[in-house]
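Going down the list, the protein sequences come from chains C and P. Residue 219 is where the first sequence ends in my numbering, and the numbering goes up by one at each step. Residue 1212 is where the second sequence ends in my numbering, and the numbering goes up by one at each step.
Think of the hints as simulated: they come from the structure by calculation, not from any bench. Here the structure is a predicted model, which is why all the values come from computation and not from measurement. There are no misleading hints in this set.
Okay, the calculated bits of chain P under chain C, using three or more residues with CB under 8 Å as the criterion:
#1 1033–1047
#2 1053–1060
#3 1178–1189
Note that CB positions come from ideal geometry on N, CA and C, so glycine has one too.
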Amino acid sequence: MPKIKMPRSNPSLDMTPMVDLAFLLVTFFILTASFRNPEPVQVLTPSSTSEKIMPENSVLITISPEGKVFYTISGFDVRKKTLERMADKYKIKFTAKEIEEFGKMTSFGVSMQNLSKFINTEPGQREKFPSTGIPMDSTNNQLSDWIRFGQYEGVVQYKDLKDAAEASGRQVVIEPLRFAIKADGNANFIVVKEVIKTFTDLKIYKFNLLTNFEKGPNE
Amino acid sequence: MAELGEGSGSHAHGKKGPVRAKKQSTRVDMTPMVDLAFLLLTFFVLTSTFSKPKTMEITFPVPPDKNNPPPPMKVNGYTFLLTKDNRVFWYSGEFKDAPKNGLPATTLTEVKFGEDLNKLLLDKNDLVEKAILELKKKRLNKEIEDTTYKRLAVDAKGDPKSPFFVIKADDKAVYRNLIDLIDEFNICNVGKYAVTDIMMSEINLINQATKE
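Input sequences plus hints: build the corresponding full structure.
Structure below.
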């Protein structure tokens, strides 16, 4: 059978601009992306018209819809030092590896007694860990201690970095420590009030309440 | 084997003369690279979240103690009470269990989230609202700078003559209600507000109102 000859045109086209663009975009996304750390609990914050963005350097309290309280603080070193102080106060020993692992961890919602078990859980399994929330009743207010030590370490680190920056004449890029509360919209107000009371008892009165952005009426 | 290869090679060339190196195309097949680039691109586009979570800054009042008694609720103030099922009640002025100084005892009025609440707040906060509108107009007409506007707006919101708003919630309210209410305050330019603890007498009134 004779072959039908098609008019020949070069099937390979110049892909260079496309590749250039693709790599440009890839580079952009790689550089701008900040990975969201896996949280042990899913929280749906209520929406508001506020446009202030979340402070970088903060103590973050997460409150789940069931009213469990989770804690984290920004900064690898600050987290580790905070844990060391807590371990000292509660007389619980942590291995160097556990402290290292804690530095990499995000929010947790377990008591000091269960913390090492939580740290030793695989990161992927932590969501399934039976977190009970950090105890914060008046007789055993571990949350208060976490906040207090975290605040201390956070302030120390801020001061160190600021001094170092000023000594070398660089600009101070780190923000002072702030206190943020990320509560689920369906969380009971009482729990939020308890957390706020824990803060106000420590003479901390200014908070950032995390919300989703929602467009307000005519601005 | 070698012989065979040589033989077939010479056969293929056929022609005499210097054996030229075969011209190699300078083009590299870029398809796998492009595939990879786009795969990565898709991944990053889908996983990246641009918006950082937004926050609402709020300062809580210092809890009252012996040295620092709670300030008396002024006449020029409104209290909002949050309770279950997203319901909001409000009353104006000081809380009164029984008629006092010729004024009737406090009764609660219900207000719905949304337009009703917005209207109520705009009405009560009329003084500040008008001042802010005036400032906005001036800013639009370039009579004042943005920074001046911000400073004056803060001053206007803190006007001593403007009413004070108090938020209280009972143990059945959810956190979303609190945020919604504060947000509505922000929208309506309410500068003076605080979240405080609820009183037993107020809880009783709410219970009565919700039972009906």
